[in-house]
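Generate coordinates for the entire structure from the input sequences, incorporating the hints supplied.
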Amino acid sequence: MNQLRVNGVTRRFGGLTALHDVSFTVEPGAIFGIIGPNGAGKTTLFNIVSGLDVPSEGEVAYGETVLTGRPPYAVAEQGLARTFQNVSVFPSMTVRENVMIGRHRHCRAGLLASCLRLPRQRREEAAQRADADRILDELAMAHLADTPVSALAFGQRRMVELARALAAEPSLLLLDEPASGLTTRETDDLAAQIRRIRERGIAVLLVEHNMSLVMDVCETILVLDFGKRIAHGAPADIRNDARVIEVYLGGERPDAAH
Amino acid sequence: MRAAVRHALPMIAMTAGVVALQLVISAADRQFYMTQLVMALYYTIVVMGLCLVMGYAGQVSLGHGGFFALGGYTSAILTTRNLAAHLRPETLQTLERIGLLWSRTDLYGAPLATLAPWPAFVAALLLTGAVALILGFPALRLKGHYLAMATLGFGLIVYRMLLGSAFTGYADGITGVPPWRLAPGVTVSGAMDNRIVNYYIACGFLLFVLWFLRNLTGSRHGRALRSIHDSETAAKAMGVNTPRLKLQAFVISAVLAAAAGSFLTHFNGGIGPSEADAMKSVRYLTLVAAGGMANIWGAMGVSLALTFLSLRGVFGVYDHAVFGGLLIVIVSVAPNGPGRWVADLLRRRRPTVRSSGAAAEPAT
Chain A
1 MNQLRVNGVT RRFGGLTALH DVSFTVEPGA IFGIIGPNGA GKTTLFNIVS GLDVPSEGEV
61 AYGETVLTGR PPYAVAEQGL ARTFQNVSVF PSMTVRENVM IGRHRHCRAG LLASCLRLPR
121 QRREEAAQRA DADRILDELA MAHLADTPVS ALAFGQRRMV ELARALAAEP SLLLLDEPAS
181 GLTTRETDDL AAQIRRIRER GIAVLLVEHN MSLVMDVCET ILVLDFGKRI AHGAPADIRN
241 DARVIEVYLG GERPDAAH
Chain B
259 MRAAVRHALP MIAMTAGVVA LQLVISAADR QFYMTQLVMA LYYTIVVMGL CLVMGYAGQV
319 SLGHGGFFAL GGYTSAILTT RNLAAHLRPE TLQTLERIGL LWSRTDLYGA PLATLAPWPA
379 FVAALLLTGA VALILGFPAL RLKGHYLAMA TLGFGLIVYR MLLGSAFTGY ADGITGVPPW
439 RLAPGVTVSG AMDNRIVNYY IACGFLLFVL WFLRNLTGSR HGRALRSIHD SETAAKAMGV
499 NTPRLKLQAF VISAVLAAAA GSFLTHFNGG IGPSEADAMK SVRYLTLVAA GGMANIWGAM
559 GVSLALTFLS LRGVFGVYDH AVFGGLLIVI VSVAPNGPGR WVADLLRRRR PTVRSSGAAA
619 EPAT
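Protein sequences appear in the order of chains A and B. Residue 48 in the numbering used here is what sits at position 48 of the first sequence, and the numbering runs on without skipping anything. Residue 486 in the numbering used here is what sits at position 228 of the second sequence, and the numbering runs on without skipping anything.
In short, the hints are calculated from the structure, not lab data. Errors might be hidden in some of the hints.
[As the list claims (entries may be wrong)] To be clear about the criterion: a stretch of chain B counts as covered by chain A if any three or more of its residues have a C-beta under 8 Å from a C-beta of chain A, and this derived list gives those stretches:
(1) 480-491
(2) 494-503
[Claimed, not checked] Over the 10 Å line for every Cβ pair with chain A, so calculated as not near, a few chain B residues:
(3) V263
(4) V276
(5) L440
(6) I510
[What the hints assert, rightly or not] Dumping the calculated SDA-like pairs for lysine to any residue here, alpha-carbon to alpha-carbon at most 20 Å:
(7) B:K401 to A:D53
(8) A:K228 to A:P37
(9) A:K228 to A:R70
(10) B:K401 to A:V54
(11) A:K228 to A:D216
(12) A:K228 to A:T25
(13) A:K228 to A:E57
(14) B:K401 to A:L52
(15) B:K401 to A:R70
(16) A:K228 to A:N240
(17) B:K401 to A:G69
(18) A:K228 to A:N7
(19) A:K228 to A:D21
(20) A:K228 to A:D241
Note that the structure is a prediction, hence the values are computed from the model and not measured. Ideal placement from N, C-alpha and C gives every residue a C-beta, glycine not left out.
If you want it as structure tokens, here you go:
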């Protein structure tokens with residue numbers, strides 16, 4: 001079990017500083033939430049952690065391994081899996097195939113074994129298929145296994161994406177606004193799902209707009225505004241933090257003078 | 259067991275079709291069709307290999323004519339260049355005994371010693387694989403159509419070099435390429451009495467490529483390739499080493515083209531620079547698109563039919579126009595390939611699920 005350490009991460013896009021010296025730690029098995037208004041830098045931070053973006057300064061480490069500078073597939077190898085804000089499933093494939101892509105990093109059969117359909121590869125393929133079906137079963141989606149993802153509703157696609165991430169057997173799961181576009185009921189299911197994921201010993205890093213979901217499931221919350229950390233602590237503290245209330249409800253800013 | 263049967267059934271059906279076609283052609287006394295049919299089979303192997311790169315990895319290659327020519331020319335040069343004067347007799351004998359060299363006398367009775375077709379074939383595959391690796395390595399690391407540009411440049415360079423170099427026989431190309439004896443009674447050559455054997459050699463090769471590519475596309479590597487096509491970002495985030503996989507697919511595809519080039523060169527007894535012409539590469543690309551992109555069966559069927567008709571001269575001076583027109587019709591009416599279009603019609607349901615979903619999805 002590893003600890004995720006984000007150390008003094010700054011990301012500049014030209015003249016815009018999307019993230020300014022952000023540091024935090026996610027303990028193994030914890031549920032950690034990141035909130036903030038639109039443009040606060042949450043998704044940028046996510047992309048940096050998962051290797052899709054590189055910070056201008058600072059670094060990200062997972063356990064003993066420095067993730068910064070590694071390509072995304074190498075970050076995934078370390079046991080990190082993520083979902084995307086706008087749901088990035090593979091529409092031309094079935095639900096089962098999507099989930100099997102999650103198993104990719106656990107497969108060992110080489111390209112030649114695949115091309116020649118060697119017995120070892122066939123055994124592995126059957127095992128991955130069984131694993132994918134088991135995960136779909138756990139998420140109550142077994143009946144959709146052979147459905148093309150392009151035929152699914154948005155909420156179901158989100159669940160496919162989650163199943164795909166879980167199939168990778170991550171030790172840290174990054175969820176980028178998993179509740180956006182979901183109905184209230186689907187959101188409740190999601191909260192239950194996130195708790196169940198934690199029970200399996202998987203740490204969750206959650207970016208979310210839905211306050212009640214974040215307050216409900218997270219143990220620690222980091223609040224970002226314009227790329228800067230403005231608060232950090234337990235949900236109860238965040239709820240009563242003057243600056244957080246100000247950011248979310250508006251009001252006179254202490255620094256509004258300039 | 260049932261899965262194994264389901265996997266084997268199409269291959270068995272294909273084999274039966276191959277035999278049936280030969281019997282029909284023989285019964286109809288149309289043996290002369292065999293020549294163009296064999297050529298169409300080899301060109302179709304190039305198209306099927308390109309299908310892996312375009313349909314599955316989502317990369318455009320305009321250099322497959324160049325790879326085909328590279329394979330063909332390597333075989334042609336190595337099996338026609340006389341080494342008798344350059345090697346000591348003992349060395350010649352040793353090399354011949356291990357099967358690398360092949361001594362004979364030429365038309366005028368002078369000693370002729372060249373590389374045997376097998377080692378020349380292996381050299382052709384290795385050389386083409388290496389060139390594809392060098393070409394693809396930088397191009398496939400970048401996002402966008404860099405591979406298309408790199409391979410277009412490569413194809414043009416190969417064409418010009420073949421045309422302008424004495425080593426490759428200028429515009430005449432290389433002739434006098436010897437027959438390739440694969441096994442007793444099984445020889446790749448264009449001899450009249452050898453047509454049926456060559457038909458089966460080409461079909462066997464095609465069936466092997468079909469089996470090979472179906473295995474690949476049905477495996478985790480095939481899924482990973484399709485995931486790159488759908489969303490490269492998500493594929494990477496799930497641990498797919500995308501640059502490496504794209505490169506592997508590209509090299510496999512180039513080597514298949516070279517293998518087809520090598521076989522066809524032995525069949526025709528020679529090769530000319532027109533094989534590397536940019537229009538050839540464009541035609542391969544057209545046939546993949548007309549077959550339904552990520553559809554090996556479609557690429558195979560469409561390519562076999564159109565290439566055969568084109569080689570028979572059915573389209574006459576309108577050859578390019580017919581190809582262009584057919585592409586427009588197929589892509590607009592049956593974007594997933596004619597086979598799936600017919601299947602969807604038979605099922606009386608509109609072919610929406612596969613195509614529209616894939617197109618409507620945002621790229622991130």
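Evaluation of the provided hints:
Residues of the segment 480-491 of chain B with a Cβ under 8 Å from some Cβ of chain A number 9, which satisfies the need for three, so the listed coverage holds. Counting residues of the segment 494-503 of chain B whose C-beta sits closer than 8 Å to any C-beta of chain A gives 7, which meets the bar of three, so the coverage hint holds. The non-interface label for V263 (chain B) is consistent with chain A: the shortest C-beta to C-beta separation is roughly 14 Å, beyond 10 Å. Chain A leaves V276 (chain B) outside its interface by the beta-carbon criterion, the shortest separation being 21 Å against a cut-off of 10 Å.
Listed as outside the interface, L440 (chain B) is consistent with that label: its C-beta sits roughly 20 Å from the nearest C-beta of chain A, beyond the 10 Å cut-off. Non-interface status of I510 (chain B) relative to chain A is broken: a Cβ of that chain comes within 10 Å, the nearest being about 8 Å off. For the given pair, K401 (chain B) sits about 15 Å from D53 (chain A) by alpha-carbon distance, which is consistent with the 20 Å threshold. For the hint pairing K228 (chain A) with P37 (chain A), the CA-to-CA distance comes to about 12 Å; that is within 20 Å, so the pair holds.
Proximity of K228 (chain A) to R70 (chain A) is assessed by CA-CA distance (about 25 Å); at most 20 Å being required, the pair is judged violated. The suggested pairing of K401 (chain B) with V54 (chain A) holds, with an alpha-carbon distance near 17 Å, which does not exceed 20 Å. A C-alpha spacing of about 24 Å is found between K228 (chain A) and D216 (chain A), which places the hinted pair above 20 Å, so the restraint is violated. The hinted pair formed by K228 (chain A) and T25 (chain A) meets the criterion: a straight-line CA distance of about 16 Å does not exceed 20 Å.
For the hint pairing K228 (chain A) with E57 (chain A), the CA-to-CA distance comes to about 14 Å; that is within 20 Å, so the pair holds. Pair hint K401 (chain B) plus L52 (chain A) holds up; C-alpha atoms about 13 Å apart against a cutoff of 20 Å. Straight-line distance between C-alpha atoms of K401 (chain B) and R70 (chain A) comes to about 17 Å, which keeps the hinted pair within the 20 Å bound. Under the criterion of a C-alpha separation no larger than 20 Å, the hint pairing K228 (chain A) with N240 (chain A) is consistent with the structure, at around 19 Å.
Simply put, K401 (chain B) and G69 (chain A) have alpha-carbon atoms about 18 Å apart, close enough for the 20 Å limit, and the pair holds. Between K228 (chain A) and N7 (chain A) the alpha-carbon distance is near 13 Å, which keeps this suggested pair within the 20 Å criterion. Note on K228 (chain A) and D21 (chain A): the hinted pairing holds, with a Cα-Cα distance of about 7 Å set against a maximum of 20 Å. For the suggested pair K228 (chain A) and D241 (chain A), the alpha carbons sit about 15 Å apart, so the restraint of at most 20 Å is met.
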